[in-house]
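Protein chains in written order, with the numbering used here: chain W, 1 to 240; chain V, 1 to 306.
These aren't lab readings, by the way, just hints derived from the structure by calculation.
Hints are not guaranteed to be accurate.
Distance condition first, Cα-Cα at most 30 Å in a straight line; then the derived DSS-like pairs of lysine-lysine [stated by the list, open to error]: (1) LYS110(W) <-> LYS88(W); (2) LYS110(W) <-> LYS65(W); (3) LYS200(W) <-> LYS231(W); (4) LYS88(W) <-> LYS248(V); (5) LYS118(W) <-> LYS248(V); (6) LYS88(W) <-> LYS71(W).
Remember, predicted model here, so these are calculated numbers, not experimental data.
Each chain, written out:
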Amino acid sequence: MSLILGEGITKYFGGLTAVYHVDFHIDEGEIVGLIGPNGAGKTTLFNVITGALPLDRGRITFKGKEITNLKAFHICRAGIARTFQSVKVFGSMSVYENVVLGIWYGMEKKGISVDARKTALELLEFVGLGEFRDMPAGDLTLANQRRLEVARALATRPDLLLLDELMAGLNPKEVSEAIELVRKIRERGITIFMIEHVMKAIMSICNRIMVLHHGEKIAEGTPEEVARNEKVIEVYLGEA
Amino acid sequence: MKKVLSLLGRYYFVIVFLALLILPRYSKDYVLVLVSDILLYITLTMSWVLFSGPTRYISLAPAAFFGIGVYVVALLGMSMALPWIIAIAACASFVIAFLIGAITLRLRGIYFTMATFGLMELIRHLILWWEVNISGTVGRVVIPLKYTTVYYGMLVIATCVLLTVFFLGRSRLGLALRSIGDSEEAAAHTGINVTMIKTVIFALSTVFMGVSGVLMATRWTYIDPRIAFNALYSFMPVLMAIFGGMEKMYGPVLGAVIFTLLEEILVTKLPYHYMLIFGLVLVISILYMPHGIVGLIRGWVKGGER
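The following block holds chain W by itself, in its conformation from the complex (with noise of 0.2 Å):
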């Protein structure tokens, strides 16, 4: 049974679509890349995964509840974290602050209990940012303010992380520290999808990866798949 099942995801912007008739699905432990065009949809179908938005038509399925419309936190106290391609830490807050509220908020409201200032620590420590705990949020570079978000995310304890272009930005030794980072929360069990438009980190760490198009999943497939598929090479490259 998939982590994650999303059917016939539709939304509209007044009278632009977004999000046409997507069908998804992640197994449990995978990492699932999302890829296409700027405006093809990527960060709405997030959203509408994550409660952000209201879906117009379809339903999403997780853990085999239904999810479909339910509020924010709901979402996220049910499983689903995520991070935000425009970063969103808690700038007047310190670093420690802003992770020790997702423990707070997010896992302990699950009815998991936990040393809060232990975990929120470990969880500093898991991204690298252990020696900033105290400075903060808002103060941190681009690079760690993502990291921060990162773990701000695990704090909730997910069992599935939104990851929405956490390499936007970031500098090649950056992002392949990133990279890293990737696969480090997937050793922990947790399942990753992920829009990115770097292709080095898609290529090189996901399982599978889907293609959007003006909202519309044009290919789905293994990273060698997708490269050698003519709609997506037609669709990133114009056509010949």
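Assemble chain V onto chain W, guided by the hints.
Chain V in isolation, oriented as in the chain W frame:
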């Protein structure tokens, strides 16, 4: 000696509180009324800060809920014991704020601000309509309370609101509120029920406004909707909080104290230039003290360290 001073520095508020407690024995009525006024503004400002400080939702609702408190007194008079009237005003404020919050807290930024401002006008006109068309009166006469009763009542409420702000600031809920101010979207995706938290804290903050309305109502012996609902009580707390600076708790308190004293001096000594000077002080302080008095004091302390 140094130890004593640092202890004094840490527990100065205890001394201030004790001094306020015995004040009515030694002071004239004028001082008592003035200090009651200061306590009123501290209450309105801090209850505004309670919600708007961390969430950054700029509310212009204080006047609406202060007015509700005033009008509860106008309607009920002193037909029951004061604690009952206070309880009724507190419940009325909470319930109305909860309902209004559930609707308007979907709005962000300036839209929320305008909605809360409109709320005061709405309630005022509703009551006016009711009085004219149904009860057939416009104004109501109130029997005044003793100065000392008003004073002690305000002291209790001001203390309550200060304690609430203090403990909320150190709680999980307080941190969740701040996360809403930083990024409401991220907060929701971190498992925080943002709508619930916002609405409850907004409603809680209006309870203090409503209760202070009850106590201050008797300063006017005659009350009509225009007197009860005065936009000044919405703007003053915002200005006082900005003037004081919201990063530390003493900021809005100092802002309230200084503004009330300034207003008093200007009204009594320079009645014709009062608004002009008041406006100038405001413009200058916002231009040159973006972090308020708190920022100014922090600047001095840092300068001293160097």
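Comparing the hints with the structure gives:
Restraint check for LYS110(W) and LYS88(W): the C-alpha separation of about 23 Å stays at or below 30 Å, so the hint holds. Of the pairs offered as hints, the one joining LYS110(W) and LYS65(W) holds, with about 16 Å between alpha carbons and a cut-off of 30 Å not exceeded. Restraint check for LYS200(W) and LYS231(W): satisfied, since their Cα atoms lie roughly 20 Å apart, inside the 30 Å limit. Restraint check for LYS88(W) and LYS248(V): the C-alpha separation of about 25 Å stays at or below 30 Å, so the hint holds.
Only pairs whose Cα atoms come within 30 Å are accepted, and LYS118(W) paired with LYS248(V) is accepted, the gap being roughly 29 Å. Taking the CA atoms of LYS88(W) and LYS71(W), the gap is near 19 Å; set against the 30 Å cutoff, the hint holds.
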